[in-house]
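Trainee: Quick one: dock chain against chain with the hints and give me the complex.
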Amino acid sequence: MVNSQVRVYKPFIGPFDPCPPLPYRTYVVPPNQYIVFQPLDWPQFSLAEALKLGTLWPNLYSPYESKSKRVEEVGSDGEPV
Amino acid sequence: MWIYEKKLQYPVRVSKCDPYMARLLLEQYGGADGELAAALRYLNQRYTIPDKVIGILNDIGTEEFAHLEMIATMVYKLTKDATPDQLKAAGLADHYVNHDKALFYQNAAGVPWTASYIQAKGDPLADLYEDIAAEEKARATYQWLIDMTDDVDLQDGLKFLREREIVHSTRFREAVEIIKDDRGKKRFF
Ligand SMILES: [Fe+2]
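From first to last, the protein sequence lines are chains A and B.
Taking my numbering, the leading residue of the first sequence gets 1, the next gets one more, and so forth.
Taking my numbering, the leading residue of the second sequence gets 1, the next gets one more, and so forth.
Hint data in this document are derived by calculation from the structure and do not stem from the laboratory.
The beta-carbon is built from N, C-alpha and C at its ideal position, and this holds for glycine as well.
Just to be clear, a hint being listed does not mean it is correct.
As the list claims (entries may be wrong) - Cβ-Cβ distance ranges computed for the label pairs, FRET-style: (1) A:L40 - B:Q86: 49 to 59 Å; (2) A:A48 - B:G55: 25 to 35 Å; (3) A:W42 - B:T83: 26 to 36 Å; (4) A:K10 - B:Q86: 40 to 50 Å; (5) B:G55 - A:V36: 38 to 48 Å.
Chain B with its partners taken away, still in its complex shape (with noise of 0.2 Å):
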């Protein structure tokens, strides 16, 4: 079970009116290397993974799901006073027939999110390395997110957002030494 908490991990600020990066950033919302793909990887390899490493994947996916919030946020701020007309300017004339501005998981090209682009092979080591690619994946996104984008407020959300892919890129790297190191032999950290 969860216990939700009503803030942000992270403050988010949008200070430039610029609906056409809502729809950049969607990418991270329904993407193949987006939050919502990561927090569902992990928290579905949790069942079929060694003991030792399932609180990293249950940690990391939890932090997923409060990733996913501040992308929504951004995405919600860029949109909530768009116009019809700016709408359609910034590229979102087709989300907006099909969703007004609720927000939908899709990736910036409007191609819906699937349950294809993440993967749970029950092999410790396949998962692993997957969900290290996964956040390598997804700090490079936030990379060129950073670069499509001059409001220095936004970025600050996003160069948070990449840290944190980074930190957990580490922590999965752990994860695999922890399962190759299982061989009976008692190791302390």
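In isolation and in its complexed conformation, chain A is listed as follows (with noise of 0.2 Å):
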């Protein structure tokens, strides 16, 4: 799944790293770091979905997904998942 707010970098790899190295690391930027001041009239979500999800307006909602049982943020082909 892709997820826009998701950026990566790429490590140092050392030649005598004692571990296999993990070729990316991932972190999130909220959206919410784009906004000084919240304006007026901004879209809502349903009520439902508001309180399902934590927040009422799509502009500050942040998707995140558990890295558990997952290979550290790569695929099987080395990219980033």
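Mentor: Right, dumping it as structure tokens:
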């Protein structure tokens, strides 16, 4: 699943790393980081959706999926997942 | 004063018997960036901040107590039926000898909560930037907690709490704008 809020960087891989290196690390930049002051009249989720997601505002919603049971941040092809 | 509603802010469902996860969740209970620290930090800062942003600290500080209750419920559900042997296997033997199954304000490593985790500088910018940082740290902690469990129901509650930190961070950054902008000129939103 592509999440446009995920940023990827490649850490340095040394020639003598004791463990198999993970080629990528990721972090999330939630959309609020680009908002200085929330404007009036933003679109809203339905109330049921808002209660579930934790925000009334699609523009503030940040999805996050567990990395549990996954190879850390990398697919079998070595590309970030 | 407060009015208490006898329900959780968001339903807490835990579907996997995983007492070890209870130990990890304590990070958000009595940890440096946990909900107790957040609630006490904001509610205490209210007294020495410009009037216009007291309400933000009041509302968010109150909500953090609702989050604390959710974390407590998760921990309680994960430990209430565990035998001493199961707690031992989950790395909770040291907790058990001191507290039985009682919850306690400590972090995932068993370090008790301390007021040194929080600050009140009396300077509105210093305090609000601390609050923003606290929200980002809490968001990150929720991410790592979500990564530590494959229980989708527990993940669901944690995802809700993570999203609330994002909303809080936004509100605190708006509070910074409000106090920066207070230069005698009127501004309408
Ligand atoms: Fe928060």
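Trainee: So, for every hint listed, does it hold in this structure?
Mentor: Going down the list of hints, with the structure as the test:
1. Our hint of 49 to 59 Å for L40 (chain A) and Q86 (chain B) holds, since their Cβ atoms are close to 53 Å apart.
2. Under the hint 25 to 35 Å, the C-beta atoms of A48 (chain A) and G55 (chain B), about 27 Å apart, fit the expected range.
3. With their beta carbons about 51 Å apart, W42 (chain A) and T83 (chain B) fall outside the hinted range of 26 to 36 Å.
4. Range check, K10 (chain A) to Q86 (chain B): about 42 Å between beta-carbon atoms, so the 40 to 50 Å window is met.
5. With their beta carbons about 19 Å apart, G55 (chain B) and V36 (chain A) fall outside the hinted range of 38 to 48 Å.
Hints 3 and 5 from the earlier list are contradicted by this structure; the remaining hints agree with it.
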